[in-house]
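Okay, here's what each chain looks like letter by letter:
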Amino acid sequence: MILVLLLLLPFAAYLAWLVWALLAYPIPLSYNLRSLWQRKVSSLSTAAAIALVVGIFVVVLSLAQGLSVAFISSGRPDQALVLRPNARFELNSSIERDRMRILKVHPLVKREGAEPIASAECVVVKLFPMADGTDNNVTVRGMERMGQALRPQVRLVQGRWFRPGLSEAVVPRKMQGRFPGMEVGRSLRMGGRDWLIVGAFDAAGASYESEVWSDVNDVMQAFRREAYSVLLARLESPERVEGFAKSVEDDKRLKLEVVRETDYFKELTKAGDPIKILGNLITLILTGAAIFAAMNTMYAAVAGRTKEIGTLRALGFRQREILASFQWESIFLCLTGGLLGSGLALFANGIQTGTTSFETFSDVSFAFTITPGLMAQGVAFSLVMGLLGGFLPAWRASRIPLTEAMKGG
Amino acid sequence: MTSDRFDLGGGEPIITLRDIAKSYWRETLEIPVLQGIDLEIPAGAYIALMGPSGSGKTTLLNLIAGIDRPTGGSLEVCGHELNGLDDDQLASWRNLHVGFIFQNYNLVPVLNAFENVELPLLITGASRGERRDRVEQALALVNLEDKMKNYPRQLSGGQEQRVAIARAIVTDPDLLVADEPTGALDAKNAEEVLGLMERLNAEFGKTIVMVTHDPKAAHHAKHQIHLEKGVLDKAVEVNR
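Protein chains in written order, with my numbering: chain Z, 1 to 409; chain G, 1 to 240.
Bound-form chain Z, shown alone (with noise of 0.2 Å):
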């Protein structure tokens, strides 16, 4: 983080510096605009340009901020997972039946009347075809009646819930576009039973959009499972959360690990790393290649207009200001491209995908989140580019013997 700051130290001088150059002896900003004006194909193409990479750069960022809303908006803070040690992931973790039984009844998990608020459930992944014609995991969860109450964001939208006892499921509405065969009405085959979809529900936004539910003894049975996978239990506040951690680890008969919700799905965000690596790299050769072609233009302006130069320098302009005066002709050409990327990226916003979490061997479904602080961070994005790209062709404008600028070149 200080390198980072370090590293911005001197952009956030610079650019301080520009502002007071503008201000202090302003060689007008729309002789800058009209310059660009003038040259318009090589400015728009410029501009079409860093709007492509900055659309891309905003379109990989909601990307993690969409996986990030699904996992963030995913946990409760008063909630806790209690799983087998080690385990970190419900997948991974089993819990048989009889310290089950001991923890549900746990003096510090909250009841609604004699009843803990807490579910039993059994996590399983099956394979099923996708509508693009390959296969993903599925997180199939097997849960308790309390299951849906731990889960507040998530509603019915169609269709009813599952009843125990007779292998009926519910499925996540968005999951219905990208995986074929998940209508209402119509069947799933897992566990060698064939299981009908009762019901699709919405869970705005969180992960939980990229699973089937089903009834906790009917998965366990049809998948052949002797023990649950995880408890998911809620507790009077979130204060209580340490105090029954505590409790569960060192109680021996039990030797179960507990996490908070929150920190649960803090930690499977990770699952979007691979797509921000990729994202980056990608963008950063993009970068690179849009910062050439607003020098590539910056410097062609310069070359255009020595002359220009010249009379500005003779009537008293100083160096620093041909500098700077290029340097926001750079800027604009850049932000007009930022501008525009981020615009464009909005149309991606909201549009539904998934991805394979490597934490859970599971689909994950998320959907494009642009944000205007991402867009905010689009157009900051271009800022750079137009310091960086417009910074050599800005000196060299600011250097030219004023003699053979006054001759054009």
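Read the hints as simulated data drawn from the structure, not as lab findings. A couple of the hints might just be wrong.
Only pairs whose alpha carbons sit at most 25 Å apart, straight line, appear in this in silico DSS-like list of lysine-lysine [unchecked claim]:
1) G:K149 with Z:K307
2) Z:K266 with Z:K110
3) G:K188 with G:K229
4) G:K147 with Z:K307
5) Z:K40 with G:K149
For clarity, every value in this text was computed on a predicted model and none was experimentally measured.
Add chain G to chain Z, keeping to what the hints say.
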């Protein structure tokens, strides 16, 4: 109309050149352009610098205007020893004391007449209202108050040069330097521009140093100074 001495009339000198030399270097080869120039030009003078191509007249004009620096000697212009000024100080000095008139007008094509004339004032710190008044006055003086919104491409060559003259005088400088100001104009427009320059000298007391090849243009000056192979050859008083 002749005088072989460099007597350019009395009065306080506004330009004093002492043993000025200027050379250019091509790799290790020194090419002398000006040598041993001693000259005093009084305030209010109107000088035509003449001479064949390569005689050094534009170089001399550039030195006087603070565009270039000599390789030897000293020059004092408008009360400032130019050798002692750094690049920034020289730029400010040019803005305050020198107005430029170029052969090809050198207007900025993307700015209209008003904005072109306003350019030098942007450095002076003048307020917006003050700038507007001065630009309007300058454009009125060159009879172009009705062309303020016109871009250079919408003006004739003569009008462009008059806008350039308005830009040269808008800061009310002591000295006007003109490099072939009529070189790109037809006879009628050239006469108009020269008349305007004469008026600036006679009515407003501007000192003018003009480089020209054209004897007709030079005839509008009060004195002609001839250069030959980088040295002052002769000065001639013009009987107008």
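**Prompt:** Which hint numbers does the structure go against, in order from smallest to largest?
**Reply:** As far as the earlier hints go, only 3 is violated by this structure.
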